[in-house]
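Q: Chains A and B supply the protein sequences, listed in that same order.
Residues in the first sequence are numbered consecutively from 1, following the numbering used here.
Residues in the second sequence are numbered consecutively from 116, following the numbering used here.
If you are wondering where the hints come from, they were derived from the structure by calculation, not from laboratory data.
List time: in silico DSS-like cross-link candidates among lysine-lysine, alpha-carbon distance up to 30 Å:
{"hint": "1", "chain 1": "A", "residue 1": "Lys107", "chain 2": "B", "residue 2": "Lys193"}
{"hint": "2", "chain 1": "B", "residue 1": "Lys193", "chain 2": "B", "residue 2": "Lys130"}
{"hint": "3", "chain 1": "A", "residue 1": "Lys58", "chain 2": "A", "residue 2": "Lys17"}
{"hint": "4", "chain 1": "A", "residue 1": "Lys107", "chain 2": "B", "residue 2": "Lys126"}
{"hint": "5", "chain 1": "A", "residue 1": "Lys58", "chain 2": "A", "residue 2": "Lys70"}
{"hint": "6", "chain 1": "B", "residue 1": "Lys177", "chain 2": "B", "residue 2": "Lys193"}
{"hint": "7", "chain 1": "A", "residue 1": "Lys107", "chain 2": "A", "residue 2": "Lys70"}
{"hint": "8", "chain 1": "A", "residue 1": "Lys107", "chain 2": "B", "residue 2": "Lys177"}
{"hint": "9", "chain 1": "A", "residue 1": "Lys17", "chain 2": "A", "residue 2": "Lys70"}
{"hint": "10", "chain 1": "A", "residue 1": "Lys58", "chain 2": "A", "residue 2": "Lys107"}
{"hint": "11", "chain 1": "B", "residue 1": "Lys126", "chain 2": "B", "residue 2": "Lys193"}
{"hint": "12", "chain 1": "A", "residue 1": "Lys107", "chain 2": "B", "residue 2": "Lys130"}
These figures come from a predicted structure and were not determined experimentally.
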Amino acid sequence: GDSVTQTEGQVTVSESKSLIINCTYSATSIAYPNLFWYVRYPGEGLQLLLKVITAGQKGSSRGFEATYNKETTSFHLQKASVQESDSAVYYCALSSNTGYQNFYFGKGTSLTVIP
Amino acid sequence: NAGVIQTPRHKVTGKGQEATLWCEPISGHSAVFWYRQTIVQGLEFLTYFRNQAPIDDSGMPKERFSAQMPNQSHSTLKIQSTQPQDSAVYLCASSLEGWGNTLYFGEGSRLIVV
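Using the sequences plus the hints, can you model the full thing?
A: As structure tokens, then:
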């Protein structure tokens, strides 16, 4: 079935350093799924950070970027210089559309940015 | 435009009791999902409705969990005979159907079974 694997557990980065959270997907039901990054900031609900629905394209939001790479089936989340306010839990997800649209999520990566 | 509304936000229940969680999806959204969020398992899919009809409940523990969507503005998740391992944040989400559409989440209902 369809699935997502991402950097698991906790990641700690110093402020102003670069960040990469790895995400790879397996989409057996569809060749080109839609790919998403969701984020949950402390005290807030889960919300969309960025999405890309076309292979080869890049999405960006709040200084974060992710490129849809169909060759490596990856959708890594990157930021050049993190801030303390980026501390949150990040989820990579894919959606398929085979008869109905279901969403599959990774287990989440908890990012802590230390000043 | 209100987002997905979930009630209650917090619920503490005794082992063996019943818990019912409510969700009001975004108006006009035809797809409604329920997920369970824990630190260990992350986001687990439970069930999915489209136009109020149950489409996929493959993630639901069959014995004690049930979900309904009696109308387009309301879905419920019921857990009978709650167990400590049911403690989690239960998330409801809704979306429009179709390619590329985004899933919008409620703030969740935190269930604690003591």
